[in-house]
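**Q** If you want the building blocks of each chain, they are given just below.
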Amino acid sequence: MKGIAILIAFYLAGVALEAWLRLPLPANVTGMILLALALFSGIVKLEWIEKESGLLLRHMGLFFVPAIVGTIAFADMIQSHWMYVIAGVVPGTLLVMAVSGFVTKGLSRKEKNVHDSADVAG
Amino acid sequence: MTLPTWLDNPAFGVGLTLLVYCAAVGFRSKRRGINPLVVTSLFLIVFLSVTGIPYEAYRAGGDWIAYGLGPATVALAVPLYKHAAAIRRMLGPVLLGIIAGSILSLAAVLLLLYIPGSPRELLLSMLTKSVSSPIALEITKRTGGIPELSAVFSVLSGLFGSVAGPAFMRICGIRGDVPLGVGIGTSSHGIGTARVLLDSEWAGGVSGFSMAAAGIATSILMIPVYGWL
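For the record, the sequence lines run as chains A and B.
Terminal number for the first sequence in numbering that gives the first Met the number 0: 121, no gaps in between.
Terminal number for the second sequence in numbering that gives the first Met the number 0: 228, no gaps in between.
For reference, chain A alone in the conformation it holds in the complex:
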């Protein structure tokens, strides 16, 4: 339970910081960055939150269910423009996925070759 309390506290800190600084980032991402900083600086120990984080991450899909069920409210609009919706979502998503994956893979291989004599491969 301690872990859950800490995670909620950092989420809340994200909410506060987002409102205060008018960040262009949502509170949950801000909270994630804050928690990462707290872990790196040693303010929060990994053992305090490791078990609960693992549980939430394994079941992250659950928390998206209401958002997906909520798309039915826009069913009419999607239906009347279904060609644009499919043209944007399907090839767009695949293209972005493939290109970002390829760029990362290609560049990291090059880097690995340069440092091949070192112990970077891993």
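Errors might be hidden in some of the hints.
[As the list claims (entries may be wrong)] Simulated pairs of lysine-lysine, PhoX-like, Cα-Cα distance not exceeding 20 Å:
no.	chain 1	residue 1	chain 2	residue 2
1	A	Lys1	A	Lys50
2	B	Lys81	A	Lys50
3	B	Lys81	A	Lys44
4	A	Lys1	A	Lys44
[As the list claims (entries may be wrong)] Chain A is nowhere near these chain B residues, computed Cβ spacing over 12 Å in every case:
no.	residue
5	Thr1
6	Leu2
7	Lys29
8	Arg31
9	His188
10	Leu228
[Unchecked claim] Which chain B residues stay away from chain A? Per the calculated CB distances, all over 12 Å, these:
no.	residue
11	Glu55
12	Ser104
13	Gly143
14	Pro223
Since the hints were made in silico from the structure, they are not lab data.
Glycine residues also receive a C-beta, built at the ideal position from the N, C-alpha and C atoms.
Once you've looked at the hints, dock chain B against the given chain A.
**A** Just chain B now, kept in the frame of chain A:
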């Protein structure tokens, strides 16, 4: 129509979602191909339309479940921290992959805008489809699109990436936890990340990092686009 009080109670939406989700996770232990998020959502959509229970009644409890997304996203800091050394070693390629994907995502929709007679409002709401819905909402408020619709497009892209992503990356020959996490996190944000987490916490951590970085990159890339629209 007045609802029976038990339907009006948030416990209905919370209980129903948990019950169906647990059943879907149970099925997954028998058949690996099952995506619990997709199965649960489709079942609930069909269930609500068949029984005629209004969406608002479900939503009272659904909002409780959706609240968990905040702490769960915060928890993505844990795999990032655990694998910090590996991420730092790959930071350049990872960031360039995320930026390339984010530029492409905006460019593809901007091109669709030039088709004569294309639905401008709809496409403006689609610009942010690769980033998570809270970021999409904020950006779309400034483009003249429909914020709520942009959230729907984020969900659809995430859902599609979650279903097709891992197989598509395999077909493209993009192997390895890091490129997979970058590809799915950049294109399908948190919903894709939830799928990656089913197989590997490390790849999920990379995906979560990519989701956050793509959100930041897109917010910055949009600044010159606002004036141009």
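**Q** Which numbered hints are broken by the structure, listed smallest first?
**A** 9, 11 and 12
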